[in-house]
Amino acid sequence: MPLLKVDDLSVTFTQRGKADVRAVDGVSFSVSEGEVVGLVGESGCGKSVTSLALMGLLADRGVKVGGSVNFDGIELLNLHKNAMRDMRGQELAMIFQDPLSSLNPVVPIGVQVTEILQRHRKMRGEAARKEAADLLDRVGIPDPTRRLKEYPHQLSGGMRQRALIAMAVACAPRLLIADEPTTALDVTIQAQILELLKELVDTQGTALLMITHDLGVVAGLCDEINVLYGGRVVESAARRNLFAAPTHPYSVGLLGSIPRLDAPRGEPLKPVRGSVNDNIAWSDGCAFAPRCDYYTMECLQGPPELVESYTGHKYRCVNPITEHTAPAVIDTEAS
Amino acid sequence: MSTKTDKIDRLAELTAKRGGRDGHGASLWREAFGRLRRSPMAMAGTVIVGAFVIIAIIGPWIAPYDPTAQAWGNEVFPNRNMFVGPRGENWFGLDHLGRDQFSRMVIGARQSLLVGVVATLLGFAAGAILGGIAGAAAGLGKSWGRRIDTILMRFTDMMLAIPALLLAVSVAALMGQSLATVMIAVGVAQVPIFARLLRGSMLAQAHSDYVLAAKATGIKRKRIVLAHILPNSVGPVLVQATLTLATAIIEAAALSYLGLGSPDQSIPEWGTMLADAQRFLSGAPQLAIYPAIAIIITALGFTLLGEAMRESLDPKLRK
Amino acid sequence: MSLLEIEDLKVHFPIRRGVVFDRVVGQVYAVDGVSLSVEAGKTYGLVGESGCGKTTLGRAVLRLNDITDGAVRYNGTDLAQLSEADMRRQRNKLQMVFQDPLGSLNPRQNIESILVEGMEAHKIGADRAERRERAQRTLDAVGLPANAMSRYPHEFSGGQRQRIGIARALVLEPDLIICDEPVSALDVSIQAQVLNLLEELQKELGLTYLVIAHDLAVVRHISDVIGVMYLGGLVEEASSDELYANPRHPYTKALMSAVPVPDPDVEDNRERILLTGDLPSPANPPAGCRFHTRCPWRQETRCDTERPELRLLSGGHKVACHFAEEIESGEIQPTSELAAAILPDAHVQTDIPDDSGQVT
Chain A
1 MPLLKVDDLS VTFTQRGKAD VRAVDGVSFS VSEGEVVGLV GESGCGKSVT
51 SLALMGLLAD RGVKVGGSVN FDGIELLNLH KNAMRDMRGQ ELAMIFQDPL
101 SSLNPVVPIG VQVTEILQRH RKMRGEAARK EAADLLDRVG IPDPTRRLKE
151 YPHQLSGGMR QRALIAMAVA CAPRLLIADE PTTALDVTIQ AQILELLKEL
201 VDTQGTALLM ITHDLGVVAG LCDEINVLYG GRVVESAARR NLFAAPTHPY
251 SVGLLGSIPR LDAPRGEPLK PVRGSVNDNI AWSDGCAFAP RCDYYTMECL
301 QGPPELVESY TGHKYRCVNP ITEHTAPAVI DTEAS
Chain B
336 MSTKTDKIDR LAELTAKRGG RDGHGASLWR EAFGRLRRSP MAMAGTVIVG
386 AFVIIAIIGP WIAPYDPTAQ AWGNEVFPNR NMFVGPRGEN WFGLDHLGRD
436 QFSRMVIGAR QSLLVGVVAT LLGFAAGAIL GGIAGAAAGL GKSWGRRIDT
486 ILMRFTDMML AIPALLLAVS VAALMGQSLA TVMIAVGVAQ VPIFARLLRG
536 SMLAQAHSDY VLAAKATGIK RKRIVLAHIL PNSVGPVLVQ ATLTLATAII
586 EAAALSYLGL GSPDQSIPEW GTMLADAQRF LSGAPQLAIY PAIAIIITAL
636 GFTLLGEAMR ESLDPKLRK
Chain C
655 MSLLEIEDLK VHFPIRRGVV FDRVVGQVYA VDGVSLSVEA GKTYGLVGES
705 GCGKTTLGRA VLRLNDITDG AVRYNGTDLA QLSEADMRRQ RNKLQMVFQD
755 PLGSLNPRQN IESILVEGME AHKIGADRAE RRERAQRTLD AVGLPANAMS
805 RYPHEFSGGQ RQRIGIARAL VLEPDLIICD EPVSALDVSI QAQVLNLLEE
855 LQKELGLTYL VIAHDLAVVR HISDVIGVMY LGGLVEEASS DELYANPRHP
905 YTKALMSAVP VPDPDVEDNR ERILLTGDLP SPANPPAGCR FHTRCPWRQE
955 TRCDTERPEL RLLSGGHKVA CHFAEEIESG EIQPTSELAA AILPDAHVQT
1005 DIPDDSGQVT
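So the sequences go chain by chain: A, B and C. Once you know that position 122 of the first sequence is 122 in my numbering, the rest is easy, because the numbers rise by one and skip nothing. Every position in the second sequence, counted from 1, becomes a number in my numbering once 335 is added. Every position in the third sequence, counted from 1, becomes a number in my numbering once 654 is added.
Bound-form chain A, shown alone (with noise of 0.2 Å):
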């Protein structure tokens, strides 16, 4: 039984004057105790938005939410606005991308945290103060009693990143959402905040949603991994059978667009011709079409539906790559 199963989620955003836009238009998935679940896409593909539906962080007005959110038997998307705000922080807790437009820059790091724990362990004073200095030190920061009352903008961009941490499992919380946490970070930092993050869900079995762009971080960090286009998951497997056996052409098409440190040099990237602007509607075939390089007529007929092997490894493609496809012919006037 998954702690968090999302299904067919949907979010759509209406302006007046303007056409309704489904960011988030069917997305399933689910995430266990203890296990770190991908989702991988560019910009566009509607992960960020699938992270706030999931924390209720969406607005009011503007916006239509549908589907099922069940996180441990309970139904977020039914709560009511207390409810889920007595659950975020407590249960579920997200880290966001930016460390420093997400830390409040006139208040010190330590009252931050304390915080946290005053709404929902109901710490105080001296327990409290002791405890964030303790958080602050199981995420890697030194010296952390000094550091409790420095301000955001006296950390460096590894250090604010850990301080987020931190105030996300104040509460042990039992679903993490990290969404793109280590994109603004260096590389060296970024290898250090995963390393913490892998140490967080071993030992205390937190389940870990980790949402990002980059290929190569969920290849050593996640245990299922989903991808994204155009607000639908694409494809869907386990790790290794991801990058082993890449079925949707998007997939491939990613994957071949990322140059890669222990291949050879000299060789042209494949990357994925056009850009998100060309998709078409989802009810008037797959989105991906016009970008893809396989398509055939079936794909212009109506939305694919995902299609399920019998590995687990899940795809939405009609005319996927495996052995048996053909040889691409690129369709160059279909651009």
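These aren't lab readings, by the way, just hints derived from the structure by calculation. No false leads were slipped in.
Simulated pairs of lysine-lysine, DSS-like, Cα-Cα distance not exceeding 30 Å:
{"id": "1", "chain 1": "A", "residue 1": "K81", "chain 2": "A", "residue 2": "K18"}
{"id": "2", "chain 1": "C", "residue 1": "K777", "chain 2": "B", "residue 2": "K477"}
{"id": "3", "chain 1": "C", "residue 1": "K777", "chain 2": "B", "residue 2": "K557"}
{"id": "4", "chain 1": "B", "residue 1": "K557", "chain 2": "C", "residue 2": "K747"}
{"id": "5", "chain 1": "A", "residue 1": "K270", "chain 2": "C", "residue 2": "K907"}
{"id": "6", "chain 1": "A", "residue 1": "K198", "chain 2": "C", "residue 2": "K907"}
{"id": "7", "chain 1": "B", "residue 1": "K555", "chain 2": "C", "residue 2": "K777"}
{"id": "8", "chain 1": "B", "residue 1": "K352", "chain 2": "A", "residue 2": "K270"}
{"id": "9", "chain 1": "B", "residue 1": "K555", "chain 2": "C", "residue 2": "K747"}
Assemble chains B and C onto chain A, guided by the hints.
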């Protein structure tokens, strides 16, 4: 192959259905204007301002009577305590000297518009020159530039330190009471605001990447300031100008109320009308209410327009 | 034949404090003695993390930052010594592509104006019509549609804007293009498109590139020679293949081991060298070797007193480390005692108010 052409046709059909997002050369001004047209606040503001401007311009032709002529004096003077309210021939009634209120209001609009516009233009022009030089000097990054900027800004600070009223009284002492005094006094008070605004705006733009790119391309400094920095700095200043117009009208009224305006009592001006009506507040409040409401509504109109402009020019609202 | 030779370049930013007029109270040593040379027709990749000074270096080469000391020789001429006017006239030969595709284009200029402006400044093209034609051809070369000329930057996608930036540089027919993080603001699939475009253009037009980036994989893919920077200095320089196969400097080793690879087997089995702590402040760099405060191979002697020179080992491979050979041969190992002996990192400096001192 027919299947291939079918495929391509179908794709073209679906892509066309998506709707072209071609902007066809929509410059930022045009887009901002489009947003402005759709905003209800802008609509309300434009209606009010438009009405005000039209009335001010065609005033002499629509005022039914001469605003300075005490045509009904014989009705009013004998009965000091009786004031003529709105009636058939005088829509807003008469004032304490037997003059038609409606005509006075309409001509008063003219004066207020004149003072508001001239004062704002004065402040804008002087402030823009001051702020522009400071901004250009500082933005170009040389040490002499920084000095010039510092000197000009401290000068501006000094101007800001003087209360507007004191400034106005001083100007009046120097120039004597007249409409010009009011215009200059209100205008001068606005100069530091525009100066700081333009300078700040230019500095922010001067640090942007596209200015760096222009330098890297080898474009001359003068052109960078005039063609790159200035056009992108002008937005907030324009918005401030609209808001200033609103304040200018109120301030002009205030100065006239204090007796610093034109000594010719017969030419109607909303502020002077308000001052005159003070004595009669208990008996005939309408003498004060009409000009007061007119000032409020006009200032509101300009403020709405200015706010709407600010929102439509805000880069955060662009896609 | 080296097109660009940088000799002991130093770029220091003064830290100013003061109420009315500023005083200089310190320096940010953004670039502190870097020497490298770029061969014509080749790509030199400069890589490093934030605070290493690579962007400052790129801008200093074009005199977009003031050069404190050192020489920048382009085709023999020392750009550092030229007057502003003379430098301006050279600018068409040395161009730059910027990181932020949207921010580096004037939002109120249409594409035609952006492209023609540069040509006008350098008197390229006989008249308006000829310039327009050249602009059109350049847009074609970077893969933008013909109707782009009359449009404005905000109407394009990120990848397209970056192509416009490249077109702006190309239209002046430069010899050298400095690419400052050309793809880091783009989506992964678009990154690949732009990288391919840059390579194509280099082949076709014989361009020379200095590519500045923090993404090691990208830099390795596109560069012939790579230089690794740390805190204002060059710590290692080698050909791309050699650098990956055989990183000699401890920082490079740590950097390489930290880069995520999209391959679960590699990720599971690689040895990660984790650096402790954070980057010291460029306003207050450590004495001796800049990296010694975080180095897993740090020794008792020399590391904290003597700054290592960038010296040539075999085959064009340069390293700035006193003990490079010993580390290579295994004589010195990173041990937990060494790790424990590493000083906890200096408290991050907060008094750097002048934003011209920003080091990237």
